[in-house]
Structure formats: structure tokens, C-alpha cells
Amino acid sequence: MITVHQLKKNFGRLEVLRSITTSFESGKTYALIGPNGSGKTTFIKCMLGMVIPDSGSIAVGGEDINGSWKYREKIGYMPQIGRYPDNMQIGQLFDMMQTIRNASHPVDGELIDAFGLRDLFGKRMHTLSGGTRQKVSAALAFLFNPPILFLDEPTAGLDPVAVEVLKDKILHECRKGKLIVITSHIMNDLDELATEALIMQDGVLRFDGTIDALKEITGESRLGKAIARFMNRTHTVSDTIIRQKL
Amino acid sequence: MSRIIRYVFYDILRTRFVIFYTLFLLGSTFALFQLDADPGKVILSMMNVVLMVVPLVSIVFASIHFYNSYEFIELMIAQPVNRKSVFMGQYFAVASSLSLALLTGAGLPMPFYGITPAGIALLYTGILLTWVFVSLAFLSAVLTRDKAKAIGVALLFWFYFSLIYDGLILWVMYSFMDYPLEKVTLALVSLNPVDLARIILLLQLDISALMGYTGAFYKAFFGSSAGILFSAGVLVLWVVLPVWLSLRIFMRKDL
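Chains as they are written, first to last, in the numbering used here: chain U, 1 to 246; chain V, 1001 to 1255.
Here chain U stands alone, though its shape is the one from the complex (with noise of 0.2 Å):
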């Protein structure tokens, strides 16, 4: 579904994303893990095209995204911090992203109505505490029934309820066959969600396989201690990139 080859970015003269080649499939979670500033949101940013990379390719169903906006079709993403125009009442910030988006199919409403934003409709953006603007954005990646959907930090300053009612979601859509990518820092979230996972470190990709193989390459049962013990691993023999798929 996606492919990613030999991509690279800086920013000014720090190299935030140094040659990531891989791909990406539909049907599987992906949990995108590395320390802050690994370079995980600007990877994403990348194949949503608000950041342009200095070199490589992406290519989405086949289709290279270089000067191309038609693929964001497929695309639902969640930001780490949703911004959103401070005057906008949440009900006309769904209508204009409905108009935006051209939407012919029926929208996916089941998480505005689950996390009951119908009731704040009437509420200006500006006005909202971040645990609600992050059910906004969670709702707004989910309405248009994207087949690729982008998580950047899902649950982070969501309420438990909410957390347990977004990651439903994420394993329903999950068995529907689209392709799920998310970052956390939470590591159990992501080991109910995920099946695959890409270990990024200082803008390389350290480790990309099965979440399986990566808790028996290190002998851990928890992801927690396995991407914990794979880090230290890795320190010592440096650049060791596990392919497993490639």
C-alpha cells in the first residue's frame, strides 16, 4: 500500500530522517516507536505530504505522491496537537472538512457520537480542553472512512473511556483490512493494537518486523521491557538494522 524508499530530510543541518526505506501494508497496525524527536512524526508528515523530503520516494497504492494531493483521499490523520481555527464551532469545523472533502459516500460518525461531540456542537474551538480537541481530531481522521489512517500519539490526554472507545475503534477498522500506523509512548496500547513494529532512532530505522519476533529476539513478553532491552542491544553493536520483510 505504501512504499518508502531511501528518504531523507534535514532541517537546517540537523538530519532528522537519514535513508528510511520500507513499506507498509494493508490489514496491519503499525506501531511507530522511538524516543522524542527520532524523527516519527516528521516520517508521517512526509507521506502526508506537509513536509517535503530533500530526497527518496514515497509511493501510495503505486502511486508516487511527489506534487500529487488526490492520494490524501485514502488518508485519515490524527495530529500530535490538533490545531484548528480558533473562531470555528465544532459542528461547522465536521461540515467544512465534509465540503473540503467533497464526501460522496455516507462519513463514519461512530466516534462523534461515541465520544459525544454532537453535544458540544455549538462550542468554539478555542474554548476546548486538549482531552476533547484530541476526540475532534481522532474523529475527523476516522469520518471519511480512509483506508490508510495515520495516529500520531492517539491516546495521549484522552480520558480512560475515551481511550478504551478509540482503541475499539482501532482494532475494528484494523479487521475491516486498512492499514493502521501509530506512534505512542504507551507501550501496552500498543501492544493490544499492533501487530508490526518500526523502531526508529536519531532518524534510523532500528528495527522493522513483527512485534512476535522483536519480544524473541530479545526474550521479553512485554513490548515495554523487549524495545527497552533491543535499544541497549543495539547501542553496542551500532547500526544494526533487523529486515525482515525487506
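Hints in this document: simulated from the structure, not taken from any laboratory. Computed from a predicted model, the values in this text were never measured in an experiment. A couple of the hints might just be wrong.
Said to hold, decoys possible - For the chain V half of the interface with chain U, some residues (derived, Cβ under 10 Å), not all of them: (1) R1014; (2) L1035; (3) E1071; (4) D1254.
Backbone N, C-alpha and C define an ideal beta-carbon position, used for all residues, glycine too.
Since chain U is already given, all that's left is putting chain V on it; use the hints.
Leaving out everything else, chain V in the frame of chain U:
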């Protein structure tokens, strides 16, 4: 793009700034018409408003608006929408709402006191100047991520074209007055949209001698319709070039 223009337009109306701007222009135009019976003199007074206030308001409002719409732009870029439509939608919405404000504010009183060719020229140059300075504002906005810096650059553009440039042109003429300067001055005048607008208006008002050397020279050199065509053409270039350049930068910008 039309859907984006509609949303931005609505957003601009919400801030009410454009409405105050319209009321300000309306008030001052009515007041000036009340003070003087001679429409020529009124247009002359209004020319000063158009040449100073319109560029200032256009450039400051457009650059502030661009930064306030950053969230909207970010949101749109992640959607199946062309980057070009997002940027040009913003541009057209801002420029046309400011033009509409000028047209209403300065144009509405005119039918009551008599429409003159000079009045039409005033509206037309004012609208062209609005577009020029919105272009320049967008250019300064895409050049830097920092809001304060961009507004600083925008104000610098205004100071430069409204005040500093005329000083420079006089200095050049004074220093090189022993040489034939006709073509040089013509080129220099084309480099300033405010001067060009002033020339278009002065040719209508026939009082060029009062407005300094730049205006006087231009009157002598281009007292024909060809002159007006030339200056209007260069003004259009002043609209298109900055916005084209800023679009190019925006297309490669990381959000």
C-alpha cells in the same frame, strides 16, 4: 478553491476588522466631501488616504491574517486539497475582501456628490495597491515562520515604498543632475508601486507640479494614455510577481 475562498471569506468577516476598515473609509470620504464642494480637491485629499492608509492596512492585515490562518492551512494540507488551491484561496479571499471594503467605503459616497474620472481612477488605483500589498504581505509571511518577524518585514515594505523610496529617488536625481536621467527615472519609478499609483492619479488631477519631482517628471514624460497603460501594466506585474514567488516558496514549505 472556491470552497476554500468561501470559508476564508467567512472567517475574515468574523474578525470584523474589514467592517471597521470599511466604516473608517466611509466616514472619512463622507467627511471630506462635506468639507469641500470641489470634488477635485476631495479626490486629492482622498489620494493621500489611498496612498498611505490602503497599503498599510492591506499589508498588515494580510500578514496577520496569514499567521492566524496557520491552523486552517495546516488542516487543509493534510486533506486531499491542492497546496496551490489552499494558498491562492487565502490570497484571493484576503485581497478581494479588502478591495470590497475599499470599493464600499470610498465608492459609496461618490454617487451622492458626483462621479468624476478622477474618482474612478482613485478606486481603481486603490484596488490595485491593495492587491500589490497583499501580495507583498504573503511574500513576507512565507519567508519566515515567525509572526513578529513577518509583520516587521511587511511594515518595512510599507516604509520603504511610502517614505524611503522617494527620498532615495530624489537623492539619485540630485547627485546625478548633470546627466540625462529621463530613462533612469522612468525605471526607478516603475520599481515603486506607490509612486506608480500616484502618477496614475496625478495624470487625472492635473496638479502634478505640486507633488514633487517624481510626479512632475512622469507627467512630462508620459502625459498620454500610453503612460497610464504602462503604469497599470507595471502595477499588475507588482501584483503577480510577489504572489508567484510566494506560491513557489509555499509549495516547498514544511508545515
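Against the structure, the hints come out as follows:
no.: 1; hint: R1014; in the structure: 5 Å, holds
no.: 2; hint: L1035; in the structure: 39 Å, violated
no.: 3; hint: E1071; in the structure: 4 Å, holds
no.: 4; hint: D1254; in the structure: 4 Å, holds
Hint 2 alone, counting from the list given before, is not met by this structure.
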